[in-house]
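Chemist: Based on the provided sequences and hints, a complete structural model is requested.
Protein chains in written order, with numbering that gives the first Met the number 0: chain Z, 0 to 343; chain P, 0 to 343; chain E, 0 to 343.
Note that identical chains are pooled: a pair holds if it fits in a single copy or bridges any two copies.
Using 35 angstroms as the maximum straight-line C-alpha spacing, the simulated DSBU-like pairs for lysine-lysine come out as follows:
#	residue 1	residue 2
1	165	111
2	97	114
3	191	314
4	76	310
5	46	32
6	310	191
7	32	293
8	284	222
9	132	97
10	334	314
11	227	33
12	76	227
Just so you know, these hints were derived from the structure itself, not from any lab.
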Amino acid sequence: MIKLKNLAAQICGRLVGDGNTAITGIAGIKEAKKGDITFLSHASFQKHLRHTQASAIILGEDIGPHDMGDQNCIYVKNPSLAYAIVAELFNTRSYKRKREVSELASIANGAKIAKGASIAPYVHIEDGAVIEKNVTIYPFVYVGENVTIGSETRIYPNVTIYDGVKIGRNVSIHGGTVIGSDGFGYAWDGEKHVKIPQLGNVEIEDDVEIGANVTIDRASLGKTTIKKGTKIDNLVQIAHNVTVGENSIIVSQVGIAGSATIGNNVILAGQTGVRDHVTVGNNVKAGGRTGITKDVPDNMLIMGTPHMPFKEWAKLQGYLNLLPQLFSKIRSLEKKLHGETDND
Amino acid sequence: MIKLKNLAAQICGRLVGDGNTAITGIAGIKEAKKGDITFLSHASFQKHLRHTQASAIILGEDIGPHDMGDQNCIYVKNPSLAYAIVAELFNTRSYKRKREVSELASIANGAKIAKGASIAPYVHIEDGAVIEKNVTIYPFVYVGENVTIGSETRIYPNVTIYDGVKIGRNVSIHGGTVIGSDGFGYAWDGEKHVKIPQLGNVEIEDDVEIGANVTIDRASLGKTTIKKGTKIDNLVQIAHNVTVGENSIIVSQVGIAGSATIGNNVILAGQTGVRDHVTVGNNVKAGGRTGITKDVPDNMLIMGTPHMPFKEWAKLQGYLNLLPQLFSKIRSLEKKLHGETDND
Amino acid sequence: MIKLKNLAAQICGRLVGDGNTAITGIAGIKEAKKGDITFLSHASFQKHLRHTQASAIILGEDIGPHDMGDQNCIYVKNPSLAYAIVAELFNTRSYKRKREVSELASIANGAKIAKGASIAPYVHIEDGAVIEKNVTIYPFVYVGENVTIGSETRIYPNVTIYDGVKIGRNVSIHGGTVIGSDGFGYAWDGEKHVKIPQLGNVEIEDDVEIGANVTIDRASLGKTTIKKGTKIDNLVQIAHNVTVGENSIIVSQVGIAGSATIGNNVILAGQTGVRDHVTVGNNVKAGGRTGITKDVPDNMLIMGTPHMPFKEWAKLQGYLNLLPQLFSKIRSLEKKLHGETDND
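Modeler: Take a look at the structure:
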């Protein structure tokens, strides 16, 4: 239990209502019951504001009192951030596993496991691997030779980490993800595809989160890099020698082809594809399923396949919608012209 | 071996030919040999009807005798269903594993395993999990804390089930699938992406089948739900707080973004994408690689990106094909008009 | 260390420079240091030729001396192939695992493991499986009943191979891949989807490489086939009863629907989709994210959704770019015509 006024203080919010209200949990705006705090997660839920059973609501300053009932409110500048903080207060999921190395793990003699690491049963760690303190490794994780894993990092079940991959601190890697598999490179010798050995590695910097069943290939030479603070959703493909900058957001089912470079603070929405050797600038935002085929300058908002500035894309959609009208206009122009001609 | 007349009776079919024919197996129309029963799986195979070596063919009532040779036939209303039933009769794959808990499984003391469950070697089950009777769990499956798995359910190898996930009865989950991984949610604090704790869970209802390497994220709050009888193909992404209704068909590589709601009896063909917070009505059918960007009313047949009614899409394709012609028409109109003007 | 002249001999290259130069490693053109050999991997790197610190460069005969500094060069006909060969010379990744069966592997009595096979800890092999000589199987691999795996094949961690799958010689299967899961087939009985038993299997021929988190479904009847020498990238979906011919290249996130047939020497670029029952001819090349909806004759270069010959697609893109201009032309035609009409 936490009093509403204390909660407001923690998120630097402006409290309107009874600060002594007891908050015992957090829930969605439709599901919330007495004792819960809730928040407005999406504009489409605004209609539920008047009817929620929640004991308090976290809101942006843009929501006026006329949209509301008489609930207790905390107004904040950044509702998403306030929600993240409050949700953590009520986090009852127990990430914490035993700080020990299971006897059922199979660990090479030459691997180094720091104190405070939690290694589950059925983890396999190869020679030369270095696991720093407070790392958590779930069952069925394969850690290849000379892999390094920084402190506080969590590796969920069934993850495969090939030899030589470097993983930073406070990284999360979700179930089924594969890091460091061979890049897709072959040379045609006239009769068959000859494999180009993939001799590079992968480097995942600090504070990166990687979703489930993602694939990140090792470089052919040099390294594939995911920089600090970037977040990658499920089922994303990152090919060999790609660099993804800092604090970027790569949404589910995006594919980034070989040697492409993605800048800092980029957002690639779901199912977007990036061609090989392309450079995407800083702060670029690509809408859902964009096909990025050429370099993109900084700060662009893009859409479509092949990609174009969002405004052009929107205009093009407008023209496409008018195509039937265009065809009938031309028919009437033709008629008119033929009519006049006939009259001559 | 089964006599053809008995087989016809089991699928309520109309037998034309020798009911005493011995059927010993099932095979495709091109591969079938004497003793096999076959069926017409796709219109493109109709040309093979006259030449199949099969001892009998299952057919829809729409196939006339003129398309055929003199083979034995069973005519049925629903050939696919008849095929499903006959294939089960000749199913020699041995799903049945030993009804025992392997000594090589690692099972927390607080987990409850019902009698008749089959737990393979190298399965890891956490505290508080409840496994009902006749559940089959293959090797390298991770079952998190407080997960429940209903009776008769099959979990194939290398599946990861995070804490708190609820799985119904008679569910199949194929290899490599991840259920209950964290939803993709962050709040930007001005300097970095702050993780929004994903406190909800996932509920898979009875009779659902989920393909290989699928990802289904847990809800941020509340639950991600897959309702009774829905079938999900390989490599599908289902984001946090999504609801998929009953008896829907989600084909391979579809991505459904956060908080989207999919109705009952929906078909989303391969590589389709659904935007976040969108509602797709009951009985909607989306063609391959549809980009669903807005709410879709019940019973619509849609196509394209952004999606539109199928008929509009087909019309638009027609107009696009005519674009070269359109441009030349305009050139000739311009000429004509200029010509007249010049003559003035 | 290897002398440059010896290296040139091995790749049948024309050496320009000091053949006694000692080469000690291989690196990318920008990262190379003294002692390294490098190569020109992509036209966009040509500008780095003058500035590379490499001790030698592998080049195609098309690169003239005016593009270069005074570095040692080896000119070859096929630079990619030369690179593949040289990279193998400097390959320090140690694929070689102990040639033994781990005591921590769980292997059914009826499975046959040839001498020289390397079976890691936490591998599970079912009854009737046959593992030929020099096969390498990494941890957390599931090998189902009656699976056969040909000599020299490598199966990376967390791979799932269902019962009855046949894998040829010298095949590589990367982490998390699932082979032989049930094809996606159901018959609607008026109330629910009835599963069509998937009784066929999968056959992977010799010299195939399959990336990470790929899914290849077993056939409903007969077999799903990947022929000799074909290479499949990460996160590809191959549905039941598909045939992929010899020496084809299937790039990441491609989806091939049921019963489609792909020819020999085909290239399907990333995110391409192939409709069910479609036949794609030999030597077809499909650009990124092509939507293949109908049969494609041999030797075609295709693009777009629905697919069309590349030249048509390029023309269509041109017309789409001219749409704004087209609309304004029509407006001016209308004005002109109305003006004339008004003057009458």
